[in-house]
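*Asks:* Sequence:
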Amino acid sequence: MRVFIHGWGFDNSVFSCISKEEDINLELPGHGNAINSLEEAGSFYSKVLKDYKSVEIIGWSMGASLGIMLTQRLKNVTSLRLIGFSPYFKEAHDKITISAFIRTMKKDFYKGIKEFRKNAYHSEFNGEYPIKDIALSILEEYINLDLREAVKNLDIPIKLIQGENDIVVPMQEAYKTKELNGKIDIFLYKGGHFPNIQVLKEL
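For the sequence shown, the residue numbers in numbering that gives the first Met the number 0 are 0 to 202.
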């Protein structure tokens, strides 16, 4: 069973070109569900997925982090494909950059998220906005989420898909992740934070 998890500020329509009817699409907190945190999402979705024979998780950015959180809770995850993943986003950028980003989002959320979408996606994205308070809360949760030990302990096939020109999660994060777990395969593509259709179809 393939499971797709989108990134912050987006929804699973980003995977519409490759997801099939039988696939499962999990939404981050703040997208029409009653889930308020990533930790809560990990607990809730692990119960949803635990009875499937095998689960292949395809996660983007924050969704990739949630994918690892689910893998920590589940015994039936057989592979991970992580797009634009950082094991510890707090160290992906300097403190000034991260603080400025949070201030921008808090000052004018909708303007800020619109700009973020331009930087994170290869074309115009007009999906619904997430619930502001929850989106801001999980953003701070994500920034402080340290998955380095979790990555070290992963013992399943992992493919890390990284854009060479990604300004949200810089390419160095892919190599940091590889240093934590030598079994990880890195696939680089020419592009930003999210791959184009051709790259997605090769996942």
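It should be emphasised that the hints constitute simulated quantities derived from the structure, not laboratory data. Hints may contain errors.
Said to hold, decoys possible - Each computed SDA-like pair below joins lysine to any residue, with the alpha-carbon atoms no more than 25 Å apart:
| # | residue 1 | residue 2 |
| --- | --- | --- |
| 1 | 158 | 33 |
| 2 | 158 | 184 |
| 3 | 117 | 90 |
| 4 | 113 | 24 |
| 5 | 110 | 93 |
| 6 | 151 | 174 |
| 7 | 131 | 26 |
| 8 | 106 | 140 |
Claimed, not checked - Now the in silico label distances, taken between C-beta atoms and shown as ranges:
| # | residue 1 | residue 2 | range |
| --- | --- | --- | --- |
| 9 | 125 | 52 | 35 to 45 Å |
| 10 | 42 | 148 | 16 to 26 Å |
| 11 | 196 | 20 | 12 to 22 Å |
| 12 | 74 | 145 | 32 to 42 Å |
| 13 | 123 | 42 | 14 to 24 Å |
| 14 | 71 | 164 | 42 to 52 Å |
| 15 | 113 | 52 | 33 to 43 Å |
| 16 | 36 | 90 | 32 to 42 Å |
| 17 | 53 | 99 | 23 to 33 Å |
| 18 | 152 | 35 | 21 to 31 Å |
| 19 | 154 | 47 | 32 to 42 Å |
| 20 | 152 | 123 | 32 to 42 Å |
| 21 | 152 | 90 | 15 to 25 Å |
| 22 | 72 | 31 | 17 to 27 Å |
We treat Cβ as the ideally placed atom computed from N, Cα and C, and that holds for glycine.
*Asks:* For every hint, state whether the structure bears it out.
*Replies:* Outcome of the hint check:
At roughly 31 Å between alpha-carbon atoms, residue 158 and residue 33 are farther apart than 25 Å, so this suggested pair is violated. Restraint check: the Cα-Cα separation between residue 158 and residue 184 comes to about 5 Å, which is no more than 25 Å; the hinted pair holds. Between residue 117 and residue 90, the direct Cα distance comes to roughly 23 Å. Compliance with the 25 Å bound is thereby established for this hinted pair. The hinted pair formed by residue 113 and residue 24 meets the criterion: a straight-line CA distance of about 23 Å does not exceed 25 Å.
With a C-alpha separation of about 23 Å, the suggested pairing of residue 110 with residue 93 holds against the 25 Å cut-off. For a cut-off of 25 Å, the pair hint linking residue 151 to residue 174 stands: about 13 Å separates their Cα positions. Proposed proximity of residue 131 and residue 26 is supported: the alpha carbons are some 15 Å apart, at most 25 Å. With a C-alpha separation of about 18 Å, the suggested pair residue 106 and residue 140 falls inside the 25 Å cut-off, and the hint holds.
The hinted window of 35 to 45 Å between residue 125 and residue 52 holds, with their beta carbons roughly 37 Å apart. Hint check: residue 42 to residue 148, Cβ distance near 19 Å, so the stated range 16 to 26 Å holds. Separation of residue 196 from residue 20 is about 19 Å and conforms to the stated range, judged on CB atoms against 12 to 22 Å. A C-beta distance of roughly 23 Å is found between residue 74 and residue 145, which places it outside the suggested range of 32 to 42 Å.
Hint check: residue 123 to residue 42, Cβ distance near 35 Å, so the stated range 14 to 24 Å is violated. Taken as a hint, the range 42 to 52 Å is violated for the pair residue 71 and residue 164, whose Cβ atoms sit roughly 31 Å apart. Restraint check, residue 113 to residue 52: a C-beta distance of roughly 41 Å satisfies the suggested window 33 to 43 Å. The given range of 32 to 42 Å is broken by residue 36 and residue 90, whose C-beta atoms sit roughly 21 Å from each other.
The hint said 23 to 33 Å for the Cβ distance between residue 53 and residue 99, and at roughly 42 Å that hint is violated. A beta carbon spacing of about 27 Å between residue 152 and residue 35 agrees with the range 21 to 31 Å that was offered as a hint. Under the hint 32 to 42 Å, the C-beta atoms of residue 154 and residue 47, about 23 Å apart, miss the expected range. Restraint check, residue 152 to residue 123: a C-beta distance of roughly 39 Å satisfies the suggested window 32 to 42 Å.
Take residue 152 and residue 90: their Cβ atoms lie about 19 Å apart, and the range 15 to 25 Å holds. Taken as a hint, the range 17 to 27 Å holds for the pair residue 72 and residue 31, whose Cβ atoms sit roughly 23 Å apart.
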